[in-house]
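Trainee: Given chain P, work out where chain B should sit, using these hints.
2 protein chains.
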Amino acid sequence: MNARYDVIGIGNAIVDVLSHSDDDFLKRQKMPKGSMSLIDEPRAEAIYNAMGPVVECSGGSAANTIVGVAMLGGKAAFIGKVKEDELGETFARDIRASGVAFSTPMATDGPATARSFILVTPDGQRTMNTYLGAAQNLTPADISEDDVAASSVLYLEGYLWDPKEAKEAFVKAAKIAHGAKRTVALTLSDAFCVDRYRKEFLQLIRDKTVDLIFANETELKSLYESSDFDSAVSALRQDAKVAVVTRSEEGAMVVTGDSTETVPAFPVERVVDSTGAGDLFAAGFLYGFSRGHAACRSLRLGALCAAEIISHIGARPERNLRDLAKENGLL
Amino acid sequence: MNARYDVIGIGNAIVDVLSHSDDDFLKRQKMPKGSMSLIDEPRAEAIYNAMGPVVECSGGSAANTIVGVAMLGGKAAFIGKVKEDELGETFARDIRASGVAFSTPMATDGPATARSFILVTPDGQRTMNTYLGAAQNLTPADISEDDVAASSVLYLEGYLWDPKEAKEAFVKAAKIAHGAKRTVALTLSDAFCVDRYRKEFLQLIRDKTVDLIFANETELKSLYESSDFDSAVSALRQDAKVAVVTRSEEGAMVVTGDSTETVPAFPVERVVDSTGAGDLFAAGFLYGFSRGHAACRSLRLGALCAAEIISHIGARPERNLRDLAKENGLL
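Listed in order, the protein sequences are those of chains P and B. Just so we're aligned, residue 10 is where the first sequence starts under our numbering, counting upward by one. Just so we're aligned, residue 10 is where the second sequence starts under our numbering, counting upward by one.
Looking at chain P on its own, in the form it has when it is part of the complex:
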């Protein structure tokens, strides 16, 4: 069957609140640098009051990826839960303005739209503190069977394992996708997230609920509780059909049972803010993958999109990714 969408993503619908900070601030606030921590409302308020001047823009891991796919020229859709409040309207407007189909009904009561307080240190690293709010209330009923079945790739974020019912939504969507002979992709999201759900993630990979895995080096090491990168890659090669492993400035690779392809990182002037690096890498790769491009070219597209996003504040692209890809001979 022809696909209506190249990629449909399901994830936590979040607005990012970003601020520059120094390492001392992270220490004082006891924030593990580079991680994503879940926080409650009082903690959210305390962090907001303590942090410096902010920039607000739409975020959410899978949402960032899907926006990237659309900006590259892909047909893309997103499923995620916001509340009908100011931030919720912002999120919905932004994702649609990026050319993404988004029709998940907004919550009319319950907690506010999710926000992530992101501290960006001078080395460009980002440390995230996420109040899940309305995103927690994504349920299986929000999964559009029709849309998922009509998408070449279903893309899921590991963070979906945090909100209780989202997990069921995840599993429902994966079943629909496989029923329609589509590819199911999962990003491991964060090393701490892997630590929380290691057994379940391994199960999803091993029983082929997911076909395509995205992981960075620390997530991969966390998954296999190994400090040795090569042995973790070998283990992943055994377990996953296809896996994309990103290694920041050391480039990225795609591994299958019997093949490995690697590409170097795309050079950047200065890493301003690493927020969204993995998300946009996935966007570039998924665009290429869903259009049947060679693995190597898809990896290069991923590296290019990641380079764009780390060159400025925020996890939504500032430059026209399609033009950028054309300038670099990748489209």
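Please note that a few of the clues may not be correct.
Since copy identity is lost for identical chains, a pair holds within one copy or between any two.
As the list claims (entries may be wrong) - Dumping the calculated DSBU-like pairs for lysine-lysine here, alpha-carbon to alpha-carbon at most 30 Å:
(1) K335 x K36
(2) K36 x K84
(3) K42 x K335
These are calculated hints, taken from the structure and not from any lab test. Nothing here was measured: the structure is a model prediction, and the numbers come from that model.
Mentor: Just chain B, lined up with the frame of chain P:
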């Protein structure tokens, strides 16, 4: 008397809503490129619905300048009106988090906090559409006599001439400052703004209500209705005690009755977004001026701060300006 503040600014308190756009969008929306247009609520809604994905951050011309002064290490205060709503809280929190004293009471009813919809074209130019909202309700009662008298420099934006009562607040503050033997500075803000209030601005300069003028090339030409830069500079030299004239990539100059100092623009990799270029130039110059630095060094500080702000989206600095100034041997 010793000064409690190096600079106190009075201006429209605005939150910026920025988006990338192409020239066609400006044409379709009939927006004069590079200008600031005042808009009403229905137009604000129409623009918001039509524009692409946005980034939100605090703005306001004089407010941006004052934040820059504080980030350079100056003691700074700001007077401006927001409403007690979500954007108002954001504005107040951000300016305080930047180290600026801000105690203007928030409006509890009336129009919402001001916002400016800013379209950034691929050439880095910004085109602004401002809904003044609560900012219009700044009145002489909001001027803290004590704070103004205790500031070395009072800095006013020409945009204050748009909201009706703010003009009176402006005049009141200038009187207080001169009564305390302080310097009164004014930025002409925008060529269209100059066009609206040419006679009044010339009067303010000629009767020495203001001592220090900031203008860019187009504002200066508009002020004297001249297409010749040199003759406009000569006219300004006659009228103003001290004037700072900025010319984008052609650098900047300070002119007095008998002297001229010029500096080149500070080189930048790529102009991403010119929003705030003039505001941050003023910040650097005012910091130096209020601390008694030589004109040439103050100009260089201005050029450096302007270069920082045009290298990224938004009109509030991302890098620590004080560190940047030290790295460049200016502090």
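Trainee: With reference to the structure, classify each hint as holding or not holding.
Mentor: Tested hints:
1. K335 x K36: Between copies, since 26 Å is at most 30 Å while 43 Å is not.
2. K36 x K84: between (42 Å within a copy, 28 Å between copies)
3. K42 x K335: For K42 and K335, only the inter-copy Cα distance (27 Å) is at most 30 Å; the intra-copy one is 35 Å.
Checked against the numbered hints above, the structure breaks none of them.
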